[in-house]
Amino acid sequence: MASTTPASPNLLDILLHYGIFDSVCSNFDIKDLLAMRLVSKTLSVNYSAHRNARWDVNRYLRRFVRDPRSLRSLMARKNAVIAGSFVIQFLDGVLWPATSLDILVRREDDHDDNPPTIGVEGLDLNKDRDISVNLTADFGKHLCETEGYEKTRDVKESEFTHLPRLGVNRVGRWAGVDRYEDYVRAETETTPEAKICIMFTRGDPVEHILKYNRATQVMNFITWNKAYSLFPDITFLKPREQHRLQNRDYLSAKFLDRYEQRGWKVANTIRPSERFPPSIYPTRRIGDARCWTVALNTDGVEAAEIPDFVLELGQFDLKLEFGYIKVSAYLIDYPSFKYQYIVGLEAYDKNFWVHYVSEKMQDLNGVELKKWEVTEKRESLRQLFKAECGWISWASGGGGNRRRPEKVPETWTFYDHLLPGWHEEWQKQCKLNESANGPSVLVFGDRGVRKLPR
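Using our numbering, the letters of the sequence shown correspond one by one to residues 1 to 454.
You may find that some hints are simply not true.
[As the list claims (entries may be wrong)] In silico BS3-like pairs for lysine-lysine, Cα to Cα no more than 25 Å straight-line:
id, residue 1, residue 2
1, K326, K338
2, K360, K428
3, K265, K326
4, K338, K226
5, K195, K238
6, K254, K195
7, K338, K360
8, K338, K254
9, K195, K156
10, K319, K265
11, K41, K31
12, K238, K254
13, K254, K226
14, K265, K31
[Said to hold, decoys possible] Computed Cβ-Cβ distance ranges for the label pairs, DEER-style:
id, residue 1, residue 2, range
15, V266, E193, 43 to 51 Å
16, N52, A98, 23 to 31 Å
17, A295, K151, 51 to 59 Å
18, T42, E150, 50 to 58 Å
19, R62, K151, 20 to 28 Å
Since the hints were derived computationally from the structure, they do not count as laboratory data. No residue lacks a Cβ here, since even glycine has one placed at the ideal position from N, Cα and C.
Whole structure, please, built from the sequences with the hints as guidance.
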């Protein structure tokens, strides 16, 4: 006679109850949580719900603002990003008291000093790309009038007298910053004091993070709709390490000590290439497989006009220096593209921008030339494209901050929309080359970067 005693529930049955699943996963670190995702497909709904709750950026931002969605909408309009310790706390699920919210946004443009000239037959390329005019008023007005903050400090770059110099450039936290403003909301009976720092960068905010951040554990940022960690394996998986990204003579020991006390051991960057973690690779792309990207809930947030691929096609290079890792990134202002792009130009291997985009653009430049019927105008544009053909060497020579030309024809066509498809083609081409020649991997060697078979 068959037994009528009900079977005892197993662990999987218990975890199907979301309350239990959520309680268990709340005690997991990131590695364990990712492992939980692989336990069973039946837990996928619970996993997604826990993930959305765990990385709810609005919940973390309410520590600083009452209306996170309005702040994120403003960030989307101004192409601003959140950086600093807030992003680490958000991704790691921790809270460090007395830390501020750092927002990076491009500095005010100097249009008043150099107003653009728009001819009858010309289009001002800067008009649609003006993401920085009146930024101070926008962010300051929002924080003071909507969120109850008071501006407590407004410091320009010329007043950064406390910073050391490396040649003619400032180094340290404020390197590459044109000015910064501090805003403070006073403590109340129900809320602690909150501080927000607005940093106005001389270039693109993400380019600024790549060029001036001091160590790998702070190479994280949040846009209006996503969070990015560029070195997640050494930042959030154990053993946690911090690799120097600046010369130790100009890197504050206090900064390293602070993060060492929080659990990040200072790594010795002079070691055999085979021991480097996957994220420390000669050529990287923002949002690549070595990056950790978290999609954020955007309900109630106004979307940015600039598409995500503009950021996620950005590349940067890593180079071993004595005692630290140097990050190289340049902002390319290419006249045939509406937006600016971050490019690494070391060209250790086949590079998407250096070896693929530049070749594609040579053909498209010819198409634009044919639109000009007047000889003088055609010759004028030829000179413009002649300069553009050398954009790789020009950018590597420090010309990345050159302004766009003020006039182009009304029939001008931007080709940004082709870039995602080109990148897919390029990736397929790289895989075909690997199939024909065998897979390989770039490694750091004693004499630079070498390509080795896998």
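Hint by hint, here is what the structure shows:
Annotation: proposed proximity of K326 to K338 is violated, straight-line Cα distance about 29 Å (limit 25 Å). Pair hint K360 plus K428 holds up; C-alpha atoms about 16 Å apart against a cutoff of 25 Å. Distance hint between K265 and K326 is fulfilled; the C-alpha atoms sit about 19 Å from each other, no more than 25 Å. A C-alpha spacing of about 22 Å is found between K338 and K226, which places the hinted pair at or below 25 Å, so the restraint holds.
Straight-line distance between C-alpha atoms of K195 and K238 comes to about 31 Å, which puts the hinted pair past the 25 Å bound. Taking the CA atoms of K254 and K195, the gap is about 21 Å. The hint holds against a cut of 25 Å. Under the criterion of a C-alpha separation no larger than 25 Å, the hint pairing K338 with K360 is consistent with the structure, at around 16 Å. Between the alpha carbons of K338 and K254 the distance comes to roughly 42 Å, so the proposed pair goes past 25 Å and is violated.
The hinted pair formed by K195 and K156 meets the criterion: a straight-line CA distance of about 19 Å does not exceed 25 Å. A hinted pair counts as satisfied when its Cα atoms are at most 25 Å apart, and K319 with K265 qualifies at roughly 21 Å. Of the supplied pair hints, the one linking K41 and K31 holds, its CA atoms being roughly 18 Å apart against a limit of 25 Å. Our distance criterion of 25 Å between C-alpha atoms is met by K238 and K254, whose separation comes to about 23 Å.
Restraint check for K254 and K226: the C-alpha separation of about 30 Å exceeds 25 Å, so the hint is violated. The hinted pair formed by K265 and K31 meets the criterion: a straight-line CA distance of about 18 Å does not exceed 25 Å. The hinted window of 43 to 51 Å between V266 and E193 is violated, with their beta carbons roughly 31 Å apart. At about 29 Å, the beta-carbon gap between N52 and A98 stays in the expected band of 23 to 31 Å.
Our hint of 51 to 59 Å for A295 and K151 is violated, since their Cβ atoms are close to 33 Å apart. Take T42 and E150: their Cβ atoms lie about 52 Å apart, and the range 50 to 58 Å holds. Here the CB-CB span from R62 to K151 is close to 21 Å, well matched to the stated 20 to 28 Å.
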